[in-house]
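Colleague: As a plain string of letters, each chain reads:
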Amino acid sequence: MKVHTKHIILKTEDLSIGYRSKKNDHVISKHINITLGKGELIGLVGGNGIGKSTMLRTLTNTQMALSGHVFINDKDVSTYDALALAQVLSIVFTEKLTSKNLSVFELVALGRQPYTNWIGTLSEIDLQKVNHALELTNITSLKHKKCFELSDGQLQKVMISRALAQDTDLIILDEPTTHLDMYHKAYTLKLLKKLAKETGKTILFSSHEIDLAIQLCDNMIVMMPEHVVSDSPCNLIQQGVFSTLFPDDLIQFDAETGSFRVNK
Amino acid sequence: MPDQQSYHKAFITLSVLLLCCFIINISLGSVSIPLYGVFESVFGTPSNESWGYIIQNYRLPKAITALLVGSGLGISGLLMQTLFRNPLAGPFVLGISSGASLGVALVVLGSGLFGGAFAVTMTSKWSVVIAASLGSFLVLLSVLIVSSRVRDTMAILIIGLMFASITGAIVGVLSYFSSAEQLQRYVFWGFGSLGNLSWQEVGVFALIYSVGLVLSLTSIKALNTLLLGDNYAKSLGLNLKQSRLFIILATSLLAGTITAFAGPIAFIGLAIPHLTRLVFNTSNHKILLPAVILFGSVIMLICDTIAQIPNSDYTLPINAITSLVGAPIVIWLLVRKRNLMF
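Chains as they are written, first to last, in UniProt numbering: chain A, 1 to 264; chain B, 1 to 342.
Here chain B stands alone, though its shape is the one from the complex (with noise of 0.2 Å):
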């Protein structure tokens, strides 16, 4: 494209904004530490031995989470909106987080009915993550068995909510029955939570995360095609079966994994693809893709830090968080650019 080159600027200004950002978040926490101590501990040994250690086990794995969830929501909103030509489509209109609450709300709240053994080797990390890996997946799966029956792009959207009201009823049932305790463990993991995650839970996550980005790298050329519509996408030679389940499959690996590790993160994934496109003004996913990553990360970023609350011992939720602090940003632009970009 010739106005390639005039991208390269906010490139620039977005990745140093990025940079900032990451060192803001690991700088500040429950325990003030000096910027030279962050430094100190990222890059070699710390003079203070337990900085380096909330810095290397707790705040660089968060932050690392917080780059991989913000990222990758933007990305699979990017690809459903795009797919769907709906503004309002997210990550999770294929029924991938119902799908990973299901499963959550199995292990949590049907312990009680599964007794007692059960309930105490199954609430562990690992069993959240595989449980609403395991949900997402099938729901998903159903989803797509379901729309390979159908030719309309648009019909694939409705059986997704569809399944996604199924499971909600399912998770309405399971609630009434539960106790109180178990309810509450169960709205924890809805309010979703960036810490916690060991290096080796984080490695995980980055390696499904790096095949969802590289699928939907691959995709580029399709969903560009796409814009035209799906009758001139067909037109143009594109494998429109193939490339619907290239693009579908990226999401619900990037917002599968994401809610498996971080729990079901809303908002995000609606609005980062927006403020991209208010802000880069262009539908091309050539320079969308990149933006949407880098924006994704640099807001999940702050709102993990102000989720935080430095110096203090309260974390909020960040699910409350990325509302509070997206909502207003979206509306602001769209009130001061006055159409939708899309």
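Excised from the complex, chain A in its bound form (with noise of 0.2 Å):
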């Protein structure tokens, strides 16, 4: 396997994942062994209500793990301080920004605080990585903008900004193509597999874009009520993985395009 010869980023060992509460622990998923390579892009898909936030949340330290464990950089994430966590995962979410009053270049600049004396000054460093993850998203034209007068498009290339500047191995996006268009979400995956193969860090993101993660994923986590597989695209097709996701009473995956199509 190739597996042994890769740079491993992150690496779970027999994860079981779910919610702990005084009685009895209610276990989402379990048995749960991937591991990300230097490098790649990582789509995690799965349907509805699956658990995918979970997992992400408990890759992140979020979460507690129900028992099991997540390295990063062959160190157990429980035992990160905050500070050390911070300078290697960065993470973009899901949710609307509370102040949109920051423009741009404030907001990428966030990024660099793991990194920032007490009242968060720029050192010269600090702005070279601003700058750069500005010109690798391509919107240092927009650096003066406030981030109200953005589109949504726009404002996740900003944020996908800011993970960047943060300058971590790893970054971990949670659903960054809701709220888009079909253009600016394959515009958005795509940049991220450019950021990945550019960069040399690791992007593992969660969505629904099943079709279009096929396309440009380097390996794929998918996860099913009873187990989680993670392979490449082609494998998992030819392991007919995808054609069990969904009930095959409305849609259907087609292996020879890799979509899914409507029944007729």
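One thing to keep in mind: the hints can contain errors.
[As the list claims (entries may be wrong)] Dumping the calculated EDC-like pairs for lysine to aspartate or glutamate here, alpha-carbon to alpha-carbon at most 20 Å:
hint, chain 1, residue 1, chain 2, residue 2
1, A, K185, A, D218
2, B, K337, A, E95
3, A, K100, B, D230
4, B, K241, A, D169
5, B, K234, A, E13
6, B, K234, A, E149
7, B, K234, A, D169
8, A, K190, A, D152
9, A, K96, B, D230
10, B, K234, A, E175
Simulated from the structure, these hints should not be mistaken for lab results.
Join the two chains into one complex using the hints; note that each chain is given alone, in its own frame.
Modeller: Here's what the structure looks like:
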């Protein structure tokens, strides 16, 4: 297997995710063993309510794992202190921005917070990283615009740029394509692909755009009620994983085109 | 930030404005004192002894109190609006003023219930200050204890409001059983007052104010991070609980002492941050915080000058003036700029 030769950024060991309550644990998924390599673009797909968000929350250490471990750079995430974790992992959430009165530059510069001094002064290096992040996402021309002046598509680029400025090995995005039109969905995922290749960062995103993910991702993680599968899109198609993803009374996966078709 | 240069002009203008307001404030009052008399009294020996006495022991401490009150309320309003991401939040959302009111109500209104001797010893200036401090501290402490059990920042806001209505109810019951004279004294406290503070009191006030100010300055980075929301703040390595505690502590020190020494002064804390945001058009706290300090001081000095009614013996309640002056300014700015910056 290739797995042994690649540089692993994130790895899970027999991970169980779910919610812990006083009486009993509600397990959402168990025996999860996945590895994310350096410079890979990985798509996390699965139906609504299957636990994609819980999975991401567990990987980012915002929620406790029921059992098993998550390692980032060979170190258990639960042993990182907050600031150290912020220097290896950046996150792009789905939630709307609270303050849209920030300029694009100011917002992207906030990504440098884990590195700046007590009052948040930007050093030469910080400025370089911020400007580089703006260039990589093609938003240098928007630099002085306020966030409320931007479209949803532009705003998403700004948020990705902010994560880049944070300069972490791993970037995790929670449904980065929601609220976007078809063109911008493709644009955003294509951008992520480009960033993973050019910067060598590992990028993991959850999405409902399975057809786009199949075309663009190096690897995919498919969440199903019983288990979690992770492999390259081609192998997953060959194994027929996508045809079991949804009940086949309404839509069916077409292995030839790599997309879903509505039953006529 | 790259556009920081452009704020320099605004800061210089505001500082000059502040200086002018300060001079005008100490020049005007019930006794007419010429400008040279004012300068003599501040910087040296005055030619007229009573002028010197009025300026040094009455007008200067009052002007400095106005500075501390205006800037302090502005800062605490800004901190609360950012922490709760709510443009309606002010310095008193966590029940600080209602706690102080409860303390003062117990002393002023409750004196009848606790007997005559108590009433005499407990209604001096210091006793009101101590009662207000204790009241606001205890209510805030309860809010903090309860809210340490909740994870959601918004829940703290609601808990604060609930505590405010509990204390409001107790004050209501106390008022019901009070004499007209006691009620009047309590109502007068509620009007707020910047005067009547000795240098010693101003000193204590300034000391606690400084601690609150330093705490808010150290929170600038956290405040900017919080603009992205709790989740992003956490993902950027911010210790959310600790920053939240520092911000609340700074607010309670500032707003708590202000209420203790000058009464529950309304409006300024809510309006000044909005005014500053509208004028400076930024959310960056490195610029907002100093701007709020300048704006708060200027507005408070203007309000105090108006409340004084130059060359007359009347002093209007400062609480009424702050709203009468401040509200139209905010409405005018909102109508002109057409949207609420936040």
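Colleague: Does each hint fit the structure? Answer for all of them.
Modeller: Hints, verified against the model:
The hinted pair formed by A:K185 and A:D218 meets the criterion: a straight-line CA distance of about 18 Å does not exceed 20 Å. This hinted pair does not check out: B:K337 and A:E95 have alpha carbons roughly 27 Å apart, beyond 20 Å. Restraint check: the Cα-Cα separation between A:K100 and B:D230 comes to about 15 Å, which is no more than 20 Å; the hinted pair holds. For the hint linking B:K241 to A:D169, the alpha-carbon distance of about 27 Å lies beyond 20 Å, and the restraint is violated.
Restraint check for B:K234 and A:E13: the C-alpha separation of about 25 Å exceeds 20 Å, so the hint is violated. Distance check on the hinted pair: B:K234 and A:E149 sit about 26 Å apart at the alpha-carbon level, beyond 20 Å; violated. The straight-line distance between the Cα atoms of B:K234 and A:D169 is roughly 18 Å, inside the 20 Å bound, and the hint therefore holds. For the proposed pair A:K190 and A:D152, the alpha carbon gap of about 17 Å is at most 20 Å, so the pair holds.
Between A:K96 and B:D230, the direct Cα distance comes to roughly 12 Å. Compliance with the 20 Å bound is thereby established for this hinted pair. In summary, the hint linking B:K234 to A:E175 is supported, as the alpha carbons are separated by about 19 Å, within the 20 Å threshold.
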